[in-house]
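A.B. asks: The residues making up each chain are set out below.
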Amino acid sequence: MDWGYLFEIALTGVAGGGLYALAALAFVLVYKGTRVVNIAIGEVLMIGAYLFFAFAATFSLPLWLAVPGAVLGCGLLGAIIERTMIRPLLGEPPISAFMVTVGLASILVGVVEIIWSADQRRLPEFLPNTPVVIGDAFLAPKVAYGSLVAVVFIAAVLLLFRFWRGGVALRATASDQGAAYMMGINVPRVFSLAWVASGMIAAVAGIVVGAIGGISSAMGVFGLSVLVVVIVGGLDSVLGALVGGVFIGLVEALAGAFLGAEYKLLATFIVLVVVLMIRPYGLFGTREIERL
Amino acid sequence: MRIGTLKESYVADAALFDSVTQKAWLGVGAALLLLFPFVANDYWLYLACLVAINVASATGLNILTGYTGLVSLGQAAFMGLGAYTVAILEIHTGSPFAVNLLAGGGVAMLGGLIVGIPSLRVKGLYLAIATIAASFIAHFLFANLSFTGGTGGLSMPPASLFGLPLDTSFRLYWLILPVTIAMLWGAANLFRTRVGRAFIAIRDRDISAEVLGIPLLRYKLLSFGLSSFYAGVAGGLWAYFFRVVTPESFPLLMSIFFLAAIIVGGMGTILGGILGAVFMTMVPEVLKLVFDLLPGGTAMTVFLSPVRTVIFGLLIVGFLVFEPHGLAEVWRRIRRYFHLWPFRH
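Residue numbers (our numbering), protein chains in the order written: chain S, 42 to 333; chain W, 56 to 400.
For reference, chain W alone in the conformation it holds in the complex (with noise of 0.2 Å):
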């Protein structure tokens, strides 16, 4: 049983990682994550390539829905454009992906400051439902602008780095994880500063907050400008996995999945948009590994895709009514648990 946490200072008291044992768990984490393109096949370093563009993803939504409370369902969207001109820099300049990324990332928060625009004059349902919008017309441009390929899309060169091209999963891997780790330092941050603290302050009571001397619409599109930066980059990312960019790649569907992936995990919490992001991408593929074990074989395979759809909607449902606070709670829970055992209180 370990007995609470002395904390002298207010610097301590204020640490992003508060305790030993879990600085210890951090490292163990960190040796697993370097260790594992040693060890792990072709199609689990392409899943883990997956879930590190999603935690990215997932947490810029977070900071805009869990954080500052604006519902989003145009994360896709913003994505797209960061792919899009990751693809476009690429095949055109060939700059490094560093500038890529970024250049992908700025013009996301672009389109999201002007989404962001009309959040001081509507919110709740109706601003989720003009980001609704705001991802078709995406979707459209992406479709008919001369230089995004149509509906045919773009096809990109790998990424390279000192003349190397990262055009595998395992290679991929050295440069899509320390950017998410990179992502996750910095929202992990965000909320232990002034803005951050304002965000929440915005969520939890957004008149309030502007009584207290919080610029609403400032913040309001601060948050979406960083939420959408966050899924340029993670769109970027994606681009440099996939290296073929479509309209059709970014439906409405994946911001769903995004706004399902918090959901899941527990929005307002970072950790919670980690598990959320996991938890979703996996869950599919758990799922493929059942149905392969299932008698029947191919006969069930063509009930594959709708049992996954069902299950996908049932988590979503299952968590807002049983687990409002997600996988992050679960966690916290069981952390409880083994902080005070034998104990119950």
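Chain S extracted, bound-state conformation (with noise of 0.2 Å):
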């Protein structure tokens, strides 16, 4: 056993978890303000790169313009889907929202293949290309300085819904609906609040996931590891969100450089049935009572 490639290879499964991480915060914020379970949050993040490739690469704006062009358009795209969708399905059982966001995911994919075809795309460079190196071990930039964006996000966003009003109305509406309500918050206002914040974090996932890898109709499919963070670590924990992000990133680091490229999403699958097996709510989720 060579421990500094072992070294490597879990750095890089750390940083990539990251990636993932931030992707299931966007994720979580919805799911505890909503009671959706979005299975189309890798769509969305793909719109974000999207956009951003829209914005930088073919009206050529600086980065400063179109980073935020593309989270805000996002977000913009989180208020649609809230009041078009998910509004008129309130009080109606949690699988229809689930399957609408199934429909959604279709939908985005064809929009975005009518617009900008199905072929894979590059985005412009922007992340530094030094490589890093921390010990011995060498770390590709991008996934490097993808993750330190990912990180100082996820920072930025646990401190905002720490202190902020609307945080703080978020985090009332998602404990106890009917009491946030009559202390006079706008629940209807904090479930757009919610999916426009999803929306714009998701677009700072896709945006640093597509400087990784490119983008493509295809890019959907980072959802499907994302769906398997927030359910390893429970649909409702954002603290879970990071660790079972950090863990999924491990497990598919690892099971790519021994196994093969092939056994990643299986890896993260079949993590995912032990799981459910052991901790059905995963492992920091509320566990749901239920009385007739």
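Just to be clear, a hint being listed does not mean it is correct.
What the hints assert, rightly or not - Calculated cross-link-like contacts (lysine to aspartate or glutamate; reagent style DMTMM-like; alpha-carbon spacing at most 25 Å):
#1 Lys-343(W) with Asp-97(W)
#2 Lys-73(S) with Asp-217(S)
#3 Lys-183(S) with Glu-303(S)
#4 Lys-305(S) with Glu-303(W)
#5 Lys-343(W) with Asp-43(S)
#6 Lys-305(S) with Asp-160(S)
What the hints assert, rightly or not - Residues from chain W shown here face chain S by an in silico Cβ test under 10 Å; the list is partial:
#7 Ile-172
#8 Ile-187
#9 Pro-339
#10 Phe-358
Everything labelled a hint here was simulated from the structure, so no lab data went into it. Positions of the beta carbon are idealized from the N, C-alpha and C atoms, including for glycine.
Need the complex rebuilt from these two chains, each delivered in its own frame; the hints are there to steer you.
C.D. replies: Given below as structure tokens:
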């Protein structure tokens, strides 16, 4: 066993896991706020990456305009989704909203293929490309800086939701909708806020993921790994999203390095099944108590 | 105007088809189905076979998702299990197709029982995502086991009946249609039995069902098993129809397709499964016809596939938001209108 190599793989895994954690955060936000499982999270992320592509490459805007443009665009998308597809289903069984997001994923993939075609494209280079060396381990520069962006963003989002009024409203709504409503919190607006914020975070994740691996209409597959991350961590737990992200990132990197690339998804899904069997509500999820 | 239907016995009340009008229309429908292959061309026969296979599989998913309330995104994987079993049996043993189809259904059923095991501990969305995991693991096995032919898949000889190879859509029609009708018949009758009623009770509120003395694990597993049996047989028919089975034949998208079919058709009705599968199979074809009529011709055809994808998604979203009970409900309204005509109520 070559410990140096193992360390390098693990480092890459953890760094990649940072991106999973960021995307998982976007997912958990919506789930906490509105109790909707957004299976289209990977596709929203893809739209973010394509918007950035449009602003930065097609209209050749500078980076400091293109990034906020893509992020705001995705936030707007989140607002539209919430208004047109999620809110009409208030009070319906949660499965309905879940299936709506299945349809949404299909719509977003189709739209991307109509506008940009299904071909793989490269985002303009914006991450520094000097290699990062930690100890003896070499880390691909894009992955390293990408995960750095992810970590900074996660920290910012956590602080925002700890101290900002909107964040407090969101947490209040998540813990008890009825009570939050009675305390004067505008719950429908919180619902919108959750989707807008989730879209924005997903856009950031999408831009970074796209910068590392290029963008294509099949990018939504990333969302499958994110789903595994949130199920493993617990659907409604921010901490779970972070731990789960790093954990799944590690599993994928190890499986990819020692078994082969085609084992990556298999390994994550086997982890998923094992976790579901042992702790059905994820590692940090709230156990739902059912009464008649 | 028809004024109600008089029922004088419990048997009449519980009958599968309860009115003379209904029986008459069923007769007309059966006659049309029998006549169809003699008037239709190859393209329409091909579509009819495909529709029949999809109806069978969608009905299977409807048992699990529509009637028992367990959402599954693994239907395509179970179809794959059935298809591979049929292909392997046909290639290596050459046993009669009826045996192969049943074996395909049986293997898929076993797969379904295994996937169903978590269903007592997790439900709803967790279960849906567990079935995604199952379909990925199945895909991996298809691509990597030694006897499944790897990524190249398996090619198989056509089914044969009394030495007559069933190798054209016309001949396959007479294999696929009866099997599908038998399966529909079985499903319709299932919900007139104790087991079917238990499924419905579990869907409506599983804890109440348990309190009423329905063993949840047994019935949930049974539902998974039945649903995958349907998928397996449909997958077997699929294998006989296309005669090439590869790991890519049964993608996750196909599972989503069947889920979409029962949403659009109407969950928890037999008619819904039929209408949904017919509708969802035909929409892409109709779209192709529309695109052929569009000016611009070849330049527009690059947009065909993405436009299909968008419309597929819009149909799911649109039906969930505006018509959650699906086409079956639309049909019921139309029937009611004619039933009451010329009055409105």
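A.B. asks: Out of the numbered hints, which ones does the structure contradict?
C.D. replies: 5, 9
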